[in-house]
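Colleague: Each chain is listed here by its residues.
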Amino acid sequence: MISLHNISKSFGAFAALNNIDLTVRDGEFLALLGPSGSGKTTLLRIIAGLAFPDRGHVRFNGEDVTELPVADRKVGFVFQQYALFRHMSVLDNVAFGLTVRSRAQRPAKAKIRTRARELLDLVQLDGLGDRYPAQLSGGQQQRVALARALAVEPQLLLLDEPFGALDAKVRKELRRWLRQLHEQMGLTSIFVTHDQEEALELADRVVVLDRGVIEQIGTPEEVYMTPRSGFVSGFVGDSNSLAVTVRGGRVQFEGRPLDLPVERLREGSARLDFRPHDVTLSKDGHGLPLQVSGVYRRGGSWRVEGTVNGSDRIVEIDLDAHAAPPELGDRLAFSITRARVFAEESVR
Amino acid sequence: MSARLPHQSRSAQLVLILVALAFIGFFLVLPLVAVFAEALAKGLATYGAALVEPDAISAIKLTLLVAAISVPLNVVFGLCAAWAVAKFDFRGRSLLVTLIDLPFSISPVVAGLVYVLLFGAQGWAGPWLIDHGVRIIFAVPGIVLATILVTFPFVARELIPLMQEQGRVDEEAALALGASGFKTFLRVTLPNIRWGLLYGVLLCNARAMGEFGAVSVVSGHLRGLTNTMPLHVEILYNEYNFAAAFAVASLLALLALVTLVLKTSLEWKFGYSHGSAK
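Protein chains in written order, with the working numbering: chain A, 1 to 348; chain B, 349 to 626.
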């Protein structure tokens, strides 16, 4: 079990992390999700021992490792650009963690080679051991980096934007495969990503970070369906925002009351967020007026974009792929079936 | 190369190439040929005799000794400086880089005079050194010191941009895999910079053996004792012993040529090995 207590870290005047508390359970697959500058990579590096917090503690199974350097933490770390040693063959790269051990702990040469070959088998790169990193594709390099990290038999695997440099198809395959590997080897894994889709698909729990603060921790379902802040709602999944006012316990948009079941309302101006699939369109004028400004196919559904009430505020709506899509310029009406209201922020 | 810019005429291209070739021919190739021609003008026997004469042998030995001391020291210094500048953030980093460049911008004569001022008989530490029987100026230590001062930017300048470009991530990867700092340096950093390092060493060595100005000031020109090859050439020349002067000079010229060939082959290898196999 990994626990972080009150972690803070600044780079000069820039506060990268502010009072982070987080517990990672054994066997968990955790995503650190956030935009660039949110502090997610810094947090991962602090867990690894590649960076050190200004304040706070890092504990592995209750033991304080805050000051322990990376070499002594026995974690596997996969770097964003893989950081493979370009002057070494693939096999030597994978074996590196074993060959640099002190003489007393180092397995025999033949044993190291066998182990490295096994790991290459595991990452499905058998037979490529004699190549050099530059001769491999991005996806293959990624798997070498993974095999190299696993050679030291870490309990904890840390991955910094593991799929960032790969094209979409390879990325999808690797994701699935990594998830399997995680289960198979009984690892605890933490990965950093700015891609919400990746976080939702892969992780047991998602930690959403913004400007050095944890905005929400939850399962993908929780983070998507019940975002705790406007930031989470906007960052995780597609989301529409309207500036509304709350008066007498009811939500009003430009003076019109909306028929919406919303909880815990504070009076005053607020932000109403709803997903593109939580909207129904109608032609008979029931709901808020919408003028269609764009229609395109998005896999299994239509995505309709329209401006609300003649303003320049754009709303995105998903329609069933089998329905007839509206025409550009059509004047329709929409009603929101499910929404959340956030008091704090203004509408972006 | 047949690639041309759209507005460039073929004749302009030709003129430029000819000018460059004529310039190089006149200022570089011609003198080099002249050196070897003069050296061998009185036959191989005279050439050989000029090289095995005791003062010449002593000058060659001293030159090798000075290079053997100053080059390794500058390698150590260059590695430390480049490592510090490239892999750590600290106050005064850009000042350090500027200071490393200093020997490039000051006259070697000044570099020599500095040591005379410090360690000479009339210098700050001079009397104390004389009392304790330590000779620096007009002796080998002074020559070594002056050579180090003049040559110390070579290795550092070569490594700093290289190490900055490579960043710290390879070292971090090695550390994360449990390697000690020393093993990380030996197995990851050093292989990454080996060609650049070798290149710097070559240039440093060529300059250390060829340095005249700074060494001339501190050497005292004692034949058979404190004469390096460049100084020996000058003495022979001043004595109108042209054949011998050019014979020794031809050795220095040969050193330059060997350096050039090695440097070019390194560049070739460097250029193609970067990021690819071996």
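Warning: the hint list may mix true and false statements.
Below, computed lysine to any residue pairings styled on SDA-like, alpha-carbon distance capped at 20 Å [unchecked claim]: (1) B:K531 - A:A243; (2) B:K435 - A:A71; (3) B:K435 - A:K109; (4) A:K109 - A:L136; (5) B:K531 - A:A108; (6) B:K435 - A:A51; (7) A:K109 - B:L427.
Bear in mind the hints are in silico, worked out from the structure with no lab data behind them.
Colleague: Please go over all the hints and tell whether each is borne out by the structure.
Modeller: Now the hints, each set against the structure:
The hinted pair formed by B:K531 and A:A243 fails the criterion: a straight-line CA distance of about 59 Å is larger than 20 Å. About 18 Å separates the Cα atoms of B:K435 and A:A71, which keeps this hinted pair within 20 Å; it holds. As the CA atoms of B:K435 and A:K109 are separated by approximately 32 Å, the hinted pair breaks the 20 Å bound. For the hint pairing A:K109 with A:L136, the CA-to-CA distance comes to about 25 Å; that exceeds 20 Å, so the pair is violated.
Between B:K531 and A:A108, the direct Cα distance comes to roughly 18 Å. Compliance with the 20 Å bound is thereby established for this hinted pair. With a CA separation close to 14 Å, the supplied pair B:K435 and A:A51 stays within the 20 Å bound. Taking the CA atoms of A:K109 and B:L427, the gap is near 31 Å; set against the 20 Å cutoff, the hint is violated.
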